[in-house]
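**Student:** Listed below, chain by chain, are the residues.
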Amino acid sequence: MKKIIVGFNPLKWVTVVVYIFIFAPILVVILMSFHPQDIVSFPMPGFSFKWYAKFLSNENLLRALWVSLTLGLSAGCLAGVIGTLAAFAIVRSNLRIKAALNAVTFAPMVISGVVMGVAILSFFNAIGFPRGFFSLVVTHSLFSLPYVVVVVSARLAGFDRSLEEAAMNLGATPWQTFRSVTLPLIAPGIIGGMLLAFTISFDEFPATQFLSTPSTATVPIRIFSMIKTELNPQINVLATIMIVITIGVPLISEYFFRKK
Amino acid sequence: MEKAALKAPAYRSDEIPDAATGQEPFFIRLLQQRGFIAGVQFGPIVFWIFFFLLIPMLIILFYSFCQRGPGGVIEHSFSLKNYTHFFVAPIYRKVLIKSAVIALEVTLGALLVAYIPAYYLATVKMKNRILLLIMLIVPFWTSLLIRNYSWILILGREGIINVYLMQWGIISEPLQLLYSEFAVVLGLVHWVLPFMIFPIFSTVDNIDFDLVNAAKNLGANSLQAFWRVTLPLSMPGIAGGCLLTFILTIGSFVTPSLLGGPEDLMITMVIAERFLTLFDWPFGSAASIIYLAIMIAFVLVYDRFVGLKRILNM
Amino acid sequence: MADLELKQVTKQFGTFLAVKDFSISVEKGEFVSFLGPSGCGKTTTLRMIAGFIEPSKGEILIRGKRVDGVPPYRRDAGMVFQNYALFPHMTVFDNIAFGLRYRKVPKDEIKKRVREMLELVRLPDVEGRRPAQLSGGQQQRIALARAMVIKPKVLLFDEPLSNLDAKLREKLRVELRQIQQEVGITSIFVTHDQEEALALSDRIVVMNQGGVTQIGTPFEIYEKPSTEFVGAFIGQSNFLNGTVEAADRDTLKIKLAEGILVGAKKTAPVDLGAKVKVLIRAERIDLKSKPQATHLASDTNVIKGTIENWSYLGGNVHYYLRLENGQSVFVIEQTAGKTMFQKEDAAFLVFGFHNCLYFPRHT
Chain A
1 MKKIIVGFNP LKWVTVVVYI FIFAPILVVI LMSFHPQDIV SFPMPGFSFK WYAKFLSNEN
61 LLRALWVSLT LGLSAGCLAG VIGTLAAFAI VRSNLRIKAA LNAVTFAPMV ISGVVMGVAI
121 LSFFNAIGFP RGFFSLVVTH SLFSLPYVVV VVSARLAGFD RSLEEAAMNL GATPWQTFRS
181 VTLPLIAPGI IGGMLLAFTI SFDEFPATQF LSTPSTATVP IRIFSMIKTE LNPQINVLAT
241 IMIVITIGVP LISEYFFRKK
Chain B
1 MEKAALKAPA YRSDEIPDAA TGQEPFFIRL LQQRGFIAGV QFGPIVFWIF FFLLIPMLII
61 LFYSFCQRGP GGVIEHSFSL KNYTHFFVAP IYRKVLIKSA VIALEVTLGA LLVAYIPAYY
121 LATVKMKNRI LLLIMLIVPF WTSLLIRNYS WILILGREGI INVYLMQWGI ISEPLQLLYS
181 EFAVVLGLVH WVLPFMIFPI FSTVDNIDFD LVNAAKNLGA NSLQAFWRVT LPLSMPGIAG
241 GCLLTFILTI GSFVTPSLLG GPEDLMITMV IAERFLTLFD WPFGSAASII YLAIMIAFVL
301 VYDRFVGLKR ILNM
Chain C
1 MADLELKQVT KQFGTFLAVK DFSISVEKGE FVSFLGPSGC GKTTTLRMIA GFIEPSKGEI
61 LIRGKRVDGV PPYRRDAGMV FQNYALFPHM TVFDNIAFGL RYRKVPKDEI KKRVREMLEL
121 VRLPDVEGRR PAQLSGGQQQ RIALARAMVI KPKVLLFDEP LSNLDAKLRE KLRVELRQIQ
181 QEVGITSIFV THDQEEALAL SDRIVVMNQG GVTQIGTPFE IYEKPSTEFV GAFIGQSNFL
241 NGTVEAADRD TLKIKLAEGI LVGAKKTAPV DLGAKVKVLI RAERIDLKSK PQATHLASDT
301 NVIKGTIENW SYLGGNVHYY LRLENGQSVF VIEQTAGKTM FQKEDAAFLV FGFHNCLYFP
361 RHT
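Protein chains in written order, with the working numbering: chain A, 1 to 260; chain B, 1 to 314; chain C, 1 to 363.
Worth flagging that the hints you see were computed from the coordinates, not collected in a lab.
Computed from a prediction, not measured in an experiment: that's the story for all the values here.
Certain hints may be false.
Said to hold, decoys possible - PhoX-like, lysine-lysine: derived pairs with alpha carbons at most 20 Å apart:
| no. | chain 1 | residue 1 | chain 2 | residue 2 |
| --- | --- | --- | --- | --- |
| 1 | B | 125 | A | 12 |
| 2 | C | 277 | C | 253 |
| 3 | B | 127 | A | 12 |
| 4 | C | 343 | C | 288 |
| 5 | C | 265 | C | 253 |
| 6 | C | 224 | C | 265 |
What the hints assert, rightly or not - Pair by pair, the computed Cβ-Cβ distance ranges are:
| no. | chain 1 | residue 1 | chain 2 | residue 2 | range |
| --- | --- | --- | --- | --- | --- |
| 7 | A | 230 | B | 165 | 18 to 28 Å |
| 8 | B | 213 | C | 83 | 37 to 47 Å |
| 9 | B | 124 | C | 119 | 51 to 61 Å |
| 10 | B | 85 | A | 107 | 21 to 31 Å |
| 11 | A | 161 | C | 339 | 52 to 62 Å |
| 12 | B | 273 | A | 49 | 31 to 41 Å |
| 13 | A | 53 | B | 303 | 51 to 61 Å |
| 14 | A | 109 | B | 58 | 16 to 26 Å |
Think of the CB as a built atom: it goes at the ideal place given N, C-alpha and C, for glycine as much as any other residue.
Start from the sequences, fold in the hints, and give me the full structure.
**Tutor:** This is the structure:
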């Protein structure tokens, strides 16, 4: 059934337009980061790295970047460990609660970040625990858990259990089997899930706004207030850096995830 | 037996030590207990969900029946005042309606924008299909704040659209595109697009196109075949995408805050304002509970009429 | 002392009886096959020996030591898996060395052993490769090397040749038997392929529906099937219903439908008038255009039939005949040096009494 598409195919062109719509905002920001003037204007009068230089001397933003990176790594690792264990529980155990657990794990994905944020704030407030880095790590790890669970479960579901049997048959104890066979083989999934968790954390704003303190202001917190108050072209630079990180990290994770 | 051993000099089983015999140390045996392993696997996630999801939700449920005291203190005096106030004051009714209207507009808009590319990618055999699909996730990886900021650059008074429209003489005054419901819907549609495209793509991709050919063979033209066969068969994907889109947008905060005007107040913004600037946690909690109730009710009604199972099995 | 002993091993999954009362004693260096249709319990038994499943009842002994209840990693029972189960993230060398490392064998020794094994399986140059870079047959040999290098007390094979194409399967079958005999390792081989079992085994255990139907050498299994099931499962046979008409000390006369009589060698006591099922192997029947004097000897059956159909397969021909009483018979004839029968030709089926087996029939 070979169709010869002659000339104009409306479906194709609609698709092209949608792709332009998808990429336009991202491209505009990257382009603007090289804008030479204080006031963003069109068409661009030239090309400069001026805002990159300014950004690199803006201590507030650099500190926020540091907070976001350490937060993302902590939350990613935490979600990685908890999510991997949970994925084992969901894929391999036959306990009754696993279906319920599976469903509840996905709740943070669909409940508004604002509501999650105020609820966790209320919780920490009720037990007299101050907001700040720790509360952010907890919250962000909760948000990233579903992603880790999905990725690691997928890897585990495709795991050939006879490999574990073979290892035990050759004399490896269950723990040695886990370390030498199971873990290395699902590691790409775990790393992929953790990197995805990092991305989620790195971009989280709705809940973060309730839990961060001035010393733990993350990049999204800074950007939000900058957008709200003045349109500082340094946002473009920060945005470009964030785009590079948030697109780069999943690409790396995709690499790990795909690798057999 | 002796003879067999002699016949095979290459093989003498005493050359390689046996697998370790005897028992492992106590703590290793403990670690290998079934119950212990299940505990390690289930423990952390159950702990996490219990303390950082269920308990917090119960606390705001409790707060929602309290009152704000002087200086933002929470007075533990049980009443339904927050709820009655929410439903009596016209402003909150407006917020609820606005939230629902925006969520509906975004769902419909995203469906319209997403269906054709999803259909096209699923039906046309292309070499780079995988690459095009991965490209669809790129915006999902890009910070939502940054994307909204970019819409400000594009839609603003001195933004790209207004500048070029004026330059080409199509308009003489800049259009008020930004800080409007239009901007909010546009930003949200951009945000939810992957959540709409992927479910539709995967159902259309799974349609057996011999069915469509059969319809055509029986005398339907292309449009009729699409309307009677393809579209009904892609319904689970559409239903799933719409559900996800609606739920995500009704709880959205960043986009309406950044791209909306003073009129475009959504329920999440009311919650944030009560918690962050007015220090009225009880009322904010009540609004959160109302949001959760609406969401749960929506999912239940949806389940009743469309069926979640159909979507989840997709 | 037997290398492997099963004593009334039984496995029940819920209400399903997967294996019942399996007893066998396997001598050192013996090669025993478990043969049966899928779901007969052969793999379950193998997995119980390896320790992946615990028996519900009975005892398993390896070299006289009870191993039921002992975890798989302490059993010293090497296994070759159906899908080979080579570790994809390790090189061939590391795969083979895996078991030695957990037995704390010194490094130099490991190197030597692995090389020896690779020589043994005739793949000396692949130690640096990953399993994915090897062909199916090569992976199979590496899996064998990996299981043998730890010098297990018994070697277990779980349908190891079933994922290979027919030609390669036959080649590896010969090699496998050679290696096994060279090394003299006690082996249990699970298969559903009768030809494989016949070619490889010292003894065959035929299983059906969880139970052991017959244990014997390939010759015994083929020539003296103990039950109708064994006779039907192995080889290509004709089954004809009949009743015992007459019996003397070592022959029987069995009456088929419409009064056709066949003679059979008496192998088990049977009553006159008993209903029996007669089994005649398709390749043990000679077809002649007319009976000769020698065929009329007292221990040979000669029955007239008509060729209904045939299919020519190169080395042999399959004939489908109808006897005068209407019963159908299937015959395999070598093609070499014979003129072929055509459709509607009359032919005489000639077969000795000893090729006519019989089983009690209940319907």
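**Student:** Are there hints from earlier that the structure breaks, and if so, what are their numbers?
**Tutor:** none
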